[in-house]
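Taken in sequence, the protein lines are chains A and B.
Those letters in the first sequence? Residues 1 to 150, per the numbering used here, in order.
Those letters in the second sequence? Residues 1 to 169, per the numbering used here, in order.
Some chain B residues near chain A, calculated using beta-carbon distances under 7 Å:
| hint | residue |
| --- | --- |
| 1 | Thr16 |
| 2 | Leu21 |
| 3 | Ile27 |
| 4 | Thr37 |
| 5 | Pro38 |
| 6 | Leu39 |
| 7 | Pro46 |
| 8 | His54 |
| 9 | Gly63 |
| 10 | Glu100 |
| 11 | Glu104 |
| 12 | Tyr105 |
| 13 | Pro108 |
Calculated Cβ distances over 12 Å to all of chain B for the following chain A residues:
| hint | residue |
| --- | --- |
| 14 | Ser14 |
| 15 | Asp15 |
| 16 | Leu16 |
| 17 | Gly19 |
| 18 | Glu21 |
| 19 | Pro101 |
| 20 | Gly102 |
| 21 | Arg108 |
| 22 | Arg110 |
| 23 | Val111 |
| 24 | Arg112 |
| 25 | Ser113 |
| 26 | Ile114 |
| 27 | Ala117 |
| 28 | Gln132 |
| 29 | Gly134 |
Derived by calculation from the structure, the hints in this document are not laboratory data.
Glycine included, each C-beta is placed from N, C-alpha and C at the ideal position.
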Amino acid sequence: MTAEAARNPRVGGSDLTVGDEREAVVVENLGRTQIVQYAGASGDFNPIHHDETFATGVAGYPSVFGHGMLTMGLTARLLTDWLGDGVLADFGVRFVSQVWPGDTLTARARVRSIEPANGEVRVALEVVTTNQNGQPVVKGSATALLPPAL
Amino acid sequence: MADGYRFHVDRTAILTFASALGETNRIYWDEAFAAETPLGGVIAPPTFAAASAHWNPDYGLRGVRQIPASSTSEPRPAPGAGGGEAAPEGGGIANFLHAEQRYEYHQPLRPGMALEVRTRPGEQWTKEGRRGGTLHFSERVSEFRDGEGSLVMTATSVTVRTSQVVESP
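Okay, chain A solo, but in the shape it has when bound:
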């Protein structure tokens, strides 16, 4: 490991309190074009995500649906926009429901704990992203390492 990882924090640990919450709409009316864009960018060409004939006829789904990793990437935008770049120590999600074309997703993060860690502050968060019906699509957690103050 490198001695000291560079970070670009947007907030200091002392600016946060347990229970602090942030939310953001991370995609509005998800388009099939974005799903295809993500397939190309990630290299995941599972036809279930772009081939309607395959998704409905062979796989038996009502339509194509977004990659779980697309939703995870969209959810990460909330964390980086709030906390900063290169500040995450870990980030994990469970994919609990499919994301369909036309969905609007809102990501929410909430501070669960704040503790000192070698001159930095370790901030643990819980994360959930829901669709326009309030149904969770991913649930997870993240940890950020932040300076005590900016």
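Following the hints, position chain B against chain A.
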């Protein structure tokens, strides 16, 4: 899978990936902007390691792509061709879902990095699905190391194989 592969991180791939996420953050593409931050240059978004699939010769969902060649030297059929029988570990790809993904970060991924990726199997378990049928979960742990062997990140992926189409794992 046993031998690993090298994942080359470059600015175009990061730009394409960030674009697909609808990103507006300049840290992912604007070198002049990024140089003024403590990071000193462009970095990749937190989930960018997904794009290592492009360099994984054994990746099973590669479309018509034949490069890099599979380490087994067998041509890879396009997923979906022949009714979707191109799945890794057997079974139709329609029966596999990504159940969980976790990343541990030690430093951000940056353009110019050539990371050695090694994947090992993790835990396996089963669970009865809510709509019937047994769900088979299996974990794969990938370590991304730089040229000096330092761990840059660890990715843990859990896939679930279902005996039938399910709405959620």
